[in-house]
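Spelled out, the chains give:
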Amino acid sequence: MKKALSSAVVLLVLGIICGAVLALVNTITSPVIAQYELDKKMEALEGFFADELTSNQKIADVFDVEEIEGTGGIKTIYLLEHKTEQTKSAVYSVSALGWKTNVDMMIAVDEDMTLRGYAFVTNGGTEAIGLTMIGATLNLADNISIQDTVQDYDSVGGVSAPVTGSGVKACFQLVALRVSQDLGGE
Amino acid sequence: MTVKDNFFKGFIKENPLLVSVLGLCPALAVTTKIENAIGMGFAVLFVLVLSNLLVSLVTFRPKLRELVMPVRIPVYIVLIASLVVIVEMLMKAFLPELFQSLGLFIPLIVVNCIIFGRAEAYAGDHKPGESVIDGAGMAIGFTLAIILISLIREVLGAGQITIWKSAVLDLSFLFDFLGIEPIAMFMKPEGAFITLGFILAAVAAIQNRVNAKKNAKKAEGGAK
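In order, the protein sequences belong to chains C and E.
4 is the number of the first residue of the first sequence in our numbering; add one for each residue after it.
46 is the number of the first residue of the second sequence in our numbering; add one for each residue after it.
Watch out, some of these pointers could steer you wrong.
Capping the alpha-carbon separation at 27 Å, the derived lysine-lysine pairs in BS3-like fashion look like this [claimed, not checked]:
1) C:K44 to E:K210
2) C:K61 to E:K210
3) C:K44 to C:K61
4) E:K263 to E:K49
5) E:K262 to C:K61
6) E:K49 to E:K210
7) E:K137 to C:K44
8) C:K78 to E:K137
9) E:K258 to E:K49
10) E:K258 to C:K43
11) E:K210 to C:K6
12) E:K54 to E:K258
13) C:K43 to E:K137
14) E:K108 to C:K6
15) E:K108 to C:K5
16) E:K54 to E:K137
17) C:K172 to C:K78
18) C:K43 to C:K172
Across the chosen pairs, the derived CB separations fall in these ranges [stated by the list, open to error]:
19) C:V24 to E:D221: 30 to 38 Å
20) E:I208 to C:D151: 43 to 51 Å
21) C:H85 to E:Q145: 29 to 37 Å
22) C:D115 to E:E226: 46 to 54 Å
23) E:K233 to C:D151: 37 to 45 Å
24) E:F218 to C:T87: 51 to 59 Å
25) C:G22 to E:L102: 37 to 45 Å
26) E:C158 to C:P34: 50 to 58 Å
Stretch-level coverage of chain E by chain C, calculated; a stretch enters the list once three of its residues show a Cβ under 8 Å from a Cβ in chain C [to be verified]:
27) 127 to 133
28) 160 to 170
29) 196 to 202
30) 235 to 249
FYI, nobody ran anything at the bench for these hints, they're computed from the structure.
Since the structure is predicted, the reported quantities are computational estimates derived from the model, not experimental observations.
We put the CB at the ideal spot given by N, CA and C, even for glycine.
Make a model of the complete structure from these sequences and hints.
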């Protein structure tokens, strides 16, 4: 009995030492990881606002960026306010079920509710059609309202991949439902 | 066994992948690029050397060994899992692209048979120094084996060799010269199995030949 208890104590002590070492490594690596993830997000946002940035400007130089946690299919919302012109935009990181896996998109909307841009951030939802989603373009009209995107697009897979198409449509739908809450409506 | 024999036994004679056929999952999954194989190899090297050292340290002293042996499996798991999490955090922070490329196979090192096998079969019964040498030899042997698989798969499947990040050796001229396209199947799982199968067969054939020569020498010596 005493021996079994001693063995358990040895295991406990080892566990505590390992926990302490992991905590120490975490304090070193977590700021680096957080910075990398932030840089990646900002890089993704810069793609939507390239026309407002000069070559050596970063998104944070021109916009105040606020990050909000989303709900449902909307994972994260980035609210951007132009530092000088005070115009607002919102970028949504959104996800909806496509063909077996989720379609993951970033959708940017301006204050006047027009679609600024969109991008597929993963290749999810493509198994059935062998397409890559990243870089795929939808045939949307210029300056289309976010509310109209739900009806007016050519789905990525066309008629051969209705489920993927539904995933893309659901992403736009989620944003259309949420956007007035973030940008205040027209 | 000499230090040299202890170190080099993992390269060919007791190669964990090509002879013991352990650690197959990462060997098949991440070997699409030499860069991935090098990254996975370094991760395994770090974990295997340190896990062998720590296991040996906690089982080397008779008094501590007596306490550890009844709970040795949980002890090994705690030590190995901690080391793997450390590798994961360091890689995520300082080599994020490689971390994304290796994906799930970094955390899966926890259940890699090579790590646990060496802890149970070697480090638990040997001195810390010997265990470190054994771990280093085995990890390097594993790394060389996955580099070999990657080399074959990437050359045949993609017509290039990705040594590290942008250091890519383009071999498309070879395919142009032969008038064929790279064989994309080698980048897929079936290509991994076929490549590994041929390598295992070659290693087995070489070992059979070496053993036959040894036996013939022994028989000659016996006859004399």
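Status of the hints after comparison with the structure:
With a C-alpha separation of about 22 Å, the suggested pairing of C:K44 with E:K210 holds against the 27 Å cut-off. At most 27 Å may separate the alpha-carbon atoms for a hinted pair to count; C:K61 and E:K210 meet this at roughly 25 Å. As the CA atoms of C:K44 and C:K61 are separated by approximately 12 Å, the hinted pair is consistent with the 27 Å bound. For the hint linking E:K263 to E:K49, the alpha-carbon distance of about 24 Å falls within 27 Å, and the restraint holds.
With a C-alpha separation of about 73 Å, the suggested pairing of E:K262 with C:K61 is violated against the 27 Å cut-off. The suggested pairing of E:K49 with E:K210 is violated, with an alpha-carbon distance near 33 Å, which exceeds 27 Å. The hinted pair formed by E:K137 and C:K44 meets the criterion: a straight-line CA distance of about 16 Å does not exceed 27 Å. Proximity of C:K78 to E:K137 is assessed by CA-CA distance (about 22 Å); at most 27 Å being required, the pair is judged to hold.
Of the supplied pair hints, the one linking E:K258 and E:K49 holds, its CA atoms being roughly 23 Å apart against a limit of 27 Å. Taking the CA atoms of E:K258 and C:K43, the gap is about 59 Å. The hint is violated against a cut of 27 Å. This hinted pair does not check out: E:K210 and C:K6 have alpha carbons roughly 53 Å apart, beyond 27 Å. Taking the CA atoms of E:K54 and E:K258, the gap is near 19 Å; set against the 27 Å cutoff, the hint holds.
The straight-line distance between the Cα atoms of C:K43 and E:K137 is roughly 13 Å, inside the 27 Å bound, and the hint therefore holds. As the CA atoms of E:K108 and C:K6 are separated by approximately 11 Å, the hinted pair is consistent with the 27 Å bound. Using a Cα cut-off of 27 Å, the hinted pair E:K108 and C:K5 holds, with the two alpha carbons roughly 14 Å apart. A C-alpha spacing of about 32 Å is found between E:K54 and E:K137, which places the hinted pair above 27 Å, so the restraint is violated.
Straight-line distance between C-alpha atoms of C:K172 and C:K78 comes to about 16 Å, which keeps the hinted pair within the 27 Å bound. Our distance criterion of 27 Å between C-alpha atoms is met by C:K43 and C:K172, whose separation comes to about 26 Å. Taken as a hint, the range 30 to 38 Å is violated for the pair C:V24 and E:D221, whose Cβ atoms sit roughly 53 Å apart. Between E:I208 and C:D151, the C-beta spacing of about 50 Å keeps the proposed range 43 to 51 Å intact.
Between C:H85 and E:Q145 the Cβ separation comes to about 32 Å, which falls inside the hinted range of 29 to 37 Å. In this structure the hint that C:D115 and E:E226 lie 46 to 54 Å apart at CB holds, the actual value being about 49 Å. E:K233 and C:D151 have their C-beta atoms about 41 Å apart, which keeps the hinted 37 to 45 Å range intact. Between E:F218 and C:T87 the beta carbon distance is about 53 Å. The supplied range of 51 to 59 Å therefore holds.
For C:G22 paired with E:L102, a C-beta distance near 18 Å fails the hint of 37 to 45 Å. Judged by the Cβ atoms, the range 50 to 58 Å given for E:C158 and C:P34 is violated: they are separated by roughly 35 Å. Residues of the segment 127 to 133 of chain E with a Cβ under 8 Å from some Cβ of chain C number 3, which satisfies the need for three, so the listed coverage holds. Counting residues of the segment 160 to 170 of chain E whose beta carbon lies closer than 8 Å to any beta carbon of chain C gives 0, which falls below the threshold of three, so the coverage claim is violated.
A stretch counts as covered by a chain when three or more of its residues have a beta carbon under 8 Å from one of that chain; for the segment 196 to 202 of chain E and chain C the count is 0, and the coverage is violated. Given as covered by chain C, the segment 235 to 249 of chain E fails the check, having 0 residues with a CB less than 8 Å from a CB of that chain where 3 are the minimum.
Hints 5, 6, 10, 11, 16, 19, 25, 26, 28, 29, 30 from the list above are not met by this structure, while the remaining hints are.
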